[in-house]
Each structure stands twice: as structure tokens, then as C-alpha cells.
Amino acid sequence: MNVRRLGFPLVVALLALVPLAAPQFWITLGNYIGLYSIVALGLVLLTGVAGQTSFGQAAFVGLGAYTSAYLTTRYQTSPWIALAAGLAITAAISLFLGFITLRMRGHYLPLATIAWGISLYYLFGNLDALGGHTGMTGIPALFVGALELRNERHYFYLVWTIALAALWSVDQLLDSRPGRAIRALRGGLEMAEAFGVNAARLKIVIFVHAALLACISGWLYAHLQRFVNPTPFGINQGIEYLFMAVVGGAGSVWGAVVGATLITLLKQWLQEGGVLMTALKGTLEQLLPRGISPSGNFELIAFGVLLVVLLQRARDGLWPWLARWLPKEAPAPVVDAEPLPRREHNPFDGPLLEVRNARRQFGGLVAVKDLSFSIHAGEILGLIGPNGAGKSTTFNLISGGLPLTAGDVHFRGESIAGFAPYEIARRGIGRTFQHVKLIPAMSVLDNVALGAYLRTRSGVLAASLRLDRRDEARVRAESLRALERCGLGEHRFAAAGSLPLGSQRIVEIARALAADPVLLLLDEPAAGLRYLEKQRLAALLRSLRAEGMTLLLVEHDMEFVMGLTDRLVVMEFGEMLAVGEPADIQRNPAVREAYLGVA
Amino acid sequence: MDASIAALLTQDGVTNGAIYALLALALVLVFAVTRVIFVPSGELVAFGTLTLAGLQLGKTPGTVGLLAGMAIVAGVMEIVASLRRGELRRLPLRLLLWCGVPIAVAVVVRAIAPLSLPLPLQIVATLAAVTALGPLLYRIAYQPLADASVLVLLIVSVAVHFALLGLGLWFFGAEGSRTPPFASASLVVGNVNISVQGMLVVLTSIAVILVLYLMFSRTLYGKALRATALNRVGARLVGVSPSLAGTLTFSLAALLCAFSGVLIGPITTIYYDSGFLVSLKGFVGAIIGGLVSYPLAAAGALLVGLIESFSSFYASAFKEVIVFTLIIPVLLWRSLTTRHHEEEE
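So the protein lines, in turn, are chains A and B. Mapping the first sequence onto the numbering used here, position 344 (from 1) lands on 344, and the numbers just tick up by one. Mapping the second sequence onto the numbering used here, position 256 (from 1) lands on 1256, and the numbers just tick up by one.
Hints are computed from structural coordinates only; laboratory data are not their basis. Each hint should be verified, as a subset may be incorrect.
Unchecked claim - Label-pair ranges, simulated between beta-carbon atoms:
1. B:Gly1234 - A:Arg592: 32 to 38 Å
2. A:Pro341 - B:Ala1146: 46 to 52 Å
3. A:Leu461 - B:Gly1086: 55 to 61 Å
As the list claims (entries may be wrong) - Short derived list, chain B residues pointing at chain A, Cβ under 7 Å:
4. Ala1148
5. Leu1151
6. Val1152
7. Val1156
8. Phe1162
9. Ala1163
10. Ala1317
11. Thr1325
12. Leu1332
Ideal Cβ positions, reconstructed from N, Cα and C, are used throughout, including at glycine.
Using the sequences provided together with the hints, build the complete structure.
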């Protein structure tokens, strides 16, 4: 049974029935849960999936609410135009905040959003034009066509239509080309960038997306309440939205709804007191005589303690726990589709890749010392050397993982020194990682599909609206072909993390192949493979060469390298020791000295 | 503005900045070792002031009840954990550490409360009581989640902050307190008045920072903490227990918070919920330092204190807006000067 197909209409049908039957009190709560879900959904995308934390969502909610409140009361603007204005302002501000924080690594976004959240709150409270701390009243009700939404029951439909539409679109987005890239951000930017993802840009886009969702929620809030003041947009509420996402389960879109529901109901229950709470308070009063009576903010204590206990029991939130009871979703089968276009090659004479006097220093240590070599089109070049010779550093200098201290790297005659990894990927250089970098929870097929990132174009908007299905089918078919070619076709739907390490290395090669590279850089591909697996890998690499692909191999396994490569570059202490055909290298006294200690 | 006002504002700024610096150090320390963003540090600051204020009035401070209650919870957790693992042999020692020590501190503080001891002794009692809260917080809230993600730890921190806020109101009541100044004299240098109180605050902060520096560079435990901050797995492999590192870190951080609370007491009236904003300013300082460098964090905190004091003179309604927006230009500057792709690790 497919949950995604059955579950969604079921939820829609249930929600449609609520306003017909439920008492007023539940309608009010339901409206708030819907509003909060929209904000928490943005955080699922931003925090749960992409791993970036924002405390400022409440401030974006406030921006949406205050923009509409101001424009509709001061200038009698239509609320719908005010919504557009709010979205525009939110986009501009979130773009700016994203631009200054998300291009850097580290915890800058949470910090900037704390600052932004607190400042905006005080600004709202101190600007007379916005009513100061008392706020603004007389905000008009919304019109949908001729229907004025004064009744909360009617409003319920609007809130939940928007909430479910947002939920659906984010769910679509996660299962798409940009979605795979977003999920890859958590696994380290290096990996995402190696397949052409401009990670900084993507993070900014997601941050803006989450901010816009918050803004819509604020706009809905203003016209539901018909009154705004700064209180619900402060840093505390910003933190509470984060609570909702984390407690609900920030890894899934449904976690947003579960979290918003749980936190809202929990707070309501704690505020009302209830039988259990009264009993608890009574017991405490009995236990602690002598002037210490549990007065005041007992709810706050219970709220804090309950959350700590909940996270200690279920640190991934409630949704994964609930989802165990739901039937598992069957993966969509891969249908055969038209192959993706291949890369077009302009004819180019001369070496495919040229490393010229490349140098890399770490402080006083010269890891790579003025190294020069070139790779010719259609050959397999091996880069070998004892531990610490600088092989991996050289590899990273070519792939853009590390900047050069001095020297140059030319690819098809163009200098690629100083290029970001995603720019290098765009030129047709694919790679694997020495320490496997797959997204463990994602299927093998989706991991491979990430490799084809640069071969289709559909963006966040198209993916959210499910307009990318034709491209998606082609990507999936192409990924399966790459996977089958590497002999792992039957594992397509397994979680990548469940495969043995050797197979994960092969998945990395399939992922690199899905990118249709001109030059493939392999970092110790044979490590952890058994004898037969190695032979299969060698056969695969040979067949790739026969098709005209060029390969650079960094490897430890001498037997593997000797039988496979056309030429070898031997490094020692960051310098080139020898270069030549494998047979010559085997006879080279300097190499024998370095490896065996005997000439 | 003339020179004397500027001098006054600078003094104010430096005094507050010195206190923020202590908090910034506590935050950087806790984050580096345990990956916890220590949101409840503000509550510990407030508890510090309120405990000292209680002792000065001859009343039993709320810290006593709080310590006893948390010690019992920690004790129950230890018993459950020991039963589950079937390791009953070490239970008495652990109970002594987790229950006995904090309850002993609570009993002593309660006993000396009505005695009106001299101020230095009261300060020592305050520091002891609030510091004892640190490891208990770690044991109860964070240790079961020590390997969780930064995000989960952060959310737990906020939940702890809420719980402590509620407990603060319960145990300390809603009234604010202000402790009398340590010294009321002032020195006149040229035509500028320098308050001895302010100087004491700054000197104490510097002394505490120096002691910390010596501890981290000279002692084995200090080095173990530094090793954990640098590489958790590596430290574990060479025998630094993560829970010991966490307990030590939280004790140190609580001590720093308690110090800040004692120092800020004579400057402003502190309520049970005043700590959050104070520690946020320490946090801004820490951010300016990039959450990694101790000297930069201290310098950042000093800057926050100065900007706060000058902006309260020029535009007091927008004081908080100015202080917290300060992060944005700092981040912008960093963003524009940092190279496009930084080196990893």
C-alpha cells in the first residue's frame, strides 16, 4: 500500500470534515496548528533536511503580519496585494541574511537569525507608526471572491488549504533534483559540490523558501486575529517553532504538522491545568511545606521537563516513531526513458589535464612540492606512492577540494586553479572519495541520481509543482543504467548505508558515471574490495577507457594498479619520484628504494 | 556629549563588558567541549545574584531547595542506570557524588544563611551553591543525549532554560534583588571619576580569565578538556571520559555564570528572568569571536558592553535593537573577507 497516495487524500478528507462538526474551541486550535505547521514546515526543509538552524522564523512571520496590517489599515490596500508586498520584503531580507551567513561554513545562520529576531521584535515595539507595544487593530477580514472570511470555520479551510498545499509542494521538492542536492548538504558540502551543486546558493534558496512560508503564515495570522502586536513574533516564539520541527521530527514534512499539533495541545493542556496538573501541584505542596509553594509558572517547568524527557526518549522526534505503525511505502519502479543527452566534446589537442608546478603548503609542511605531470585523453593514469607522499593532497588540488598555494592546473587548456569544486564538476571532471560519502538514509538509486545533477535543469519551483517528472524519469533510468553497469542494479532501493563498505565504493563510481564525466578521478577505489570484486572493478574501468573516458587512479594496491594503468606517476615526500609505464616503474631503482628500502 | 560623559559611558561599558566576557567564555567553553549551546547560562547568572541577595538578607536562598531537588532527581537517575546495567558495586560512590555533595552544599548554605557572615564568605557560599547546579544540569538533561546532534542539544538547552525559568520563579519569587556594592569609593584621576566598584569587577574578571588560562595550559584536567574540544573521539581513545569532560565543563561554566551573577548584582536589579538577556549579550560577544577563540570572544564581549552603554545614551529605546543588530555588520565583514572556500578541518 502506498501511504503517499492514500494518506494524503485521507488527511484532506478528515480536515474538510472538522469545521462541520467540531466545537468552536477546536476550530480555533486547529487554525493555530495550521498556521504553526506552515512555519515549522519551512524549518523541516531548512533545519531538518539541510541542517541549517534559524531562530528568526517568528520574525519573518511578524514581517508578513505587520506588512499586511500596515498596508491594509493605513492605505486600505487589498490584503492580497499586501501579501505580495510582504513576500517581497521577506525575500529581500532573507536573501540578505542568507547572503552574509550561508556562504561561510560554521554556525553563522543561527547567530544572525537570533540577532535579527530580537532586533525586529524591539523595532516593532518601539516604532510609533506600527503602534508600539500595543500593536495595531482594525485589520480587515480577507475576501476570497465575494466571500468574506469572518467566520473562523471558513478561515479553517483557507488555513489548511494553504498548509496542505505547502506540505505537498515541499514533499515533492524533497523527491527531486534540487531535493537530492538539499539532502546532500547535510553529508558535507564537499560531496554535494563535487556533483555541481552550488551549495552556498542552494542554502540561500532554501532559507528564502522557509522565510516565505513563515511570511505567508504571518499574513494569515494577521487577518485571522485582525489585530497584531509584537509579542508573538519575538525570539521565544522563534525558538518555539524550532521546538515544533524538532519534536515532531524534522526529517519529514509530516513532522511539522505533528510537532505543531503536539506543542500547541501541550501548551493548551498545561495552561488549562487539567486534573493531572492539579493533582501534581497538590502533591508538591504537600511535599514542600515551609513557604515554598509551586506558584506562578508551573506550566513552564512542566513544558521544559516534558520536552527534555521526550527528546531523551525519541531524539529524532515523534514522526519516525509514529511512522513505524503506518504501512511502508513501496518505492516507485524505474521506468525506461530516453537517455539523457551526453556531453558534447569540442576537439582539443594536447593533454587533457596538466598539473604545472603545483604546490601546497600546510603551515610549514610542504605536502606537494612543485609537482608537474599531465594526463592524456583516453588513458588510465595511476598516482602511487608511500603513505604521506602527497597523493590525496594532489587529488584534492585537481578536484578543487583544496586551493593551490602556487602553480596551476589546466583542464582542456583552461586554467581551473582556484575554481570551486562545483565549477570543476561542470567542466566534466567526476570523482569518488577516499572516505565514502554517500547519504546513508537515501536509496542507492537516489544517491546515484545525485551524480546526474548537472544533466537536467529543473529547479526548486518546477520540482515543488511536480513539473519535473519527465526529467526525473530520465534521470532515474540513467542512474539505474549506471548502477547496473557497476553490477549493483538489484540493490537500487536499499538504503545506501546498509551496503557493505566495498559496495558503497562502487556506488560512488556509479554516481560519478551518472555525471557523464570526461575525466574520472578515483581515490583508492579498490580499498576494502575482495579479490573477485577487484577483478570486476578493473574490467569496468577498462571498458570505460575503451569508450574514451580518461581516468586518474590514486591507489595503494600495487597488483591492481600494475595490471590496469597505462602510465604511473610515483610520488614521495610531495615530489615526483618517477613517471612511466608500469613495467619501467617496477624496474626503477629509485622506486624500489622508496617502497622496499632496497635498490 | 563631553569628555566626562564619554568617560562615564566608557566605564559603564567596560564594566558590563567584563561581565559579558565571563559569560562569553562560559559559552565558548561549553560549546567547544560538549557541542551544547548553553542557553540556560542566563538563569545561573540570575541565581547567582539572587542567592547572594538572599544570604545578605539572612534568608535561605532558593538555591538550597533547587540543589536538593535536582540532587534527588540525579540520584534516582543513577539508581535506575545502575540497576539497568547491573553495576551495583559503584552505586554508593556515585550516589555520594551526585546526591551527597550537592545536598551537603545545600545544607551548609542553609545553615550559614541566618548568620550574616562577612561578604567574602557569603560570596564563596554563593559560588559553591550555583556551581553545584552545573554538573547536576549536565547529568540530568544533557548526559543521556551526549552524542545527539547539535540541534537536538540546542532544543534541550532551550527546554532546560524554560524549566529553570519556571523553577526560578518558584524558588526565588517574582521580586527583583540588587546587592549592595562591594565598595562605594571612587578615585579621581585628572577630572574623571573612576568607581572602585567598576574596577573591582574588571579586575576580578581579568583574574578569573587568567586562572582559567593557567588551568587550561598547566593542569591535566584542563588539557583533557582542550583535547576533547579539539577531537572528541581522539580524546576518548586516549582515556578522557566524555561524561567526565562534560561534568567538568558544566561545573566551570556554572562557576563563571555564578561569578557574573555576583558581579552584576550591584549594577542592576536582577529578577529571576533577567539572566536570559544578559547571557544573550555574552553570546553576541562570543559570536563576534566566532564561537572558537577565547580572546576574541572576550574582546567581542567588551565591544558589546561599550556599544550598549553608548547607545543607551543616544537612543535608549533602541538600545537592544542596536546591540543585537551589531552582529549583522560583523558577519557581513567576515563574509566578505573570508575566502570563498575555506579549508576543512
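Consistency of the hints with the structure:
no.: 1; hint: B:Gly1234 - A:Arg592: 32 to 38 Å; in the structure: holds (36 Å)
no.: 2; hint: A:Pro341 - B:Ala1146: 46 to 52 Å; in the structure: holds (50 Å)
no.: 3; hint: A:Leu461 - B:Gly1086: 55 to 61 Å; in the structure: holds (58 Å)
no.: 4; hint: Ala1148; in the structure: holds (5 Å)
no.: 5; hint: Leu1151; in the structure: holds (6 Å)
no.: 6; hint: Val1152; in the structure: holds (5 Å)
no.: 7; hint: Val1156; in the structure: holds (6 Å)
no.: 8; hint: Phe1162; in the structure: holds (4 Å)
no.: 9; hint: Ala1163; in the structure: holds (3 Å)
no.: 10; hint: Ala1317; in the structure: holds (5 Å)
no.: 11; hint: Thr1325; in the structure: holds (5 Å)
no.: 12; hint: Leu1332; in the structure: holds (5 Å)
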